[in-house]
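S.K.: Could you put together the complete structure from these sequences and hints?
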Amino acid sequence: WNSSLDSLLVFAGLFAGILTAFLMESSKDLKEDPQEHLLKEILNTLRNTSDTSTFEPEQSSLHVNGLWFTSLVLSLISALGGVLAKGWLAKYNPATRLAHASHACERHLRANRAREWQLAPLITAIPLLIQVSLFLFFAGLLIQVRDRDVRIWSTIVLLVGSVTLLYIVGTILP
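Read in my numbering, the sequence shown has 56 at position 56, and its numbers run on one by one without any break.
Read the hints as simulated data drawn from the structure, not as lab findings. Hints should not be assumed to be uniformly reliable.
What the hints assert, rightly or not - Cβ pair distances, simulated, as ranges:
#	residue 1	residue 2	range
1	Arg-151	Ile-77	31 to 41 Å
2	Leu-62	Val-150	18 to 28 Å
3	Leu-122	His-37	40 to 50 Å
Keep in mind the model is a prediction, meaning the values are calculated, not measured. All residues carry an ideal CB built from backbone N, CA and C; glycine is no exception.
M.R.: Given below as structure tokens:
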């Protein structure tokens, strides 16, 4: 578990960084551009009219940002779970020398508590969070690209579909 948690923490950190860059750009679509708003105000003043329309972000922007923010939160929760799990595993060190009988007793108590708290299923579920996070990101990416260019969207659909198929086959086969 320890080495797989190390890999998960590295991936979660890199993924959260990349996702943050996407979110910084896409979250701009959730609010009106200040320059565009100012131009509308100037135009309304010149026309001597009052435009009472309020800014409404596009549905696709709401969906994309919702998926990506959820993805970011899940990846950060996964990273937090990985850090906690590494702390638990550090205290539960199976390498015990005979000279340290008190350590063996303490290890036995920790092992019993780990079984009571069902630590194994919890640690096993941590990678699932990052996987769900990745597929939420893919869904947001497909929505984001769909309206921009059909050729790029088709390529991304093909790639994401292939990865999803590999993931399903890789999950079912073992």
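S.K.: Each hint needs a verdict: does it hold in this structure or not?
M.R.: Here's how the hints hold up against the structure:
1. The hinted range of 31 to 41 Å is satisfied by Arg-151 and Ile-77, whose Cβ atoms lie roughly 36 Å apart.
2. The supplied range of 18 to 28 Å is met by Leu-62 and Val-150, whose beta-carbon atoms lie about 22 Å from each other.
3. Distance hint check for Leu-122 and His-37: the Cβ-Cβ separation is about 48 Å, which falls inside the suggested range of 40 to 50 Å.
When each numbered hint is compared with the structure, no violation occurs for any of them.
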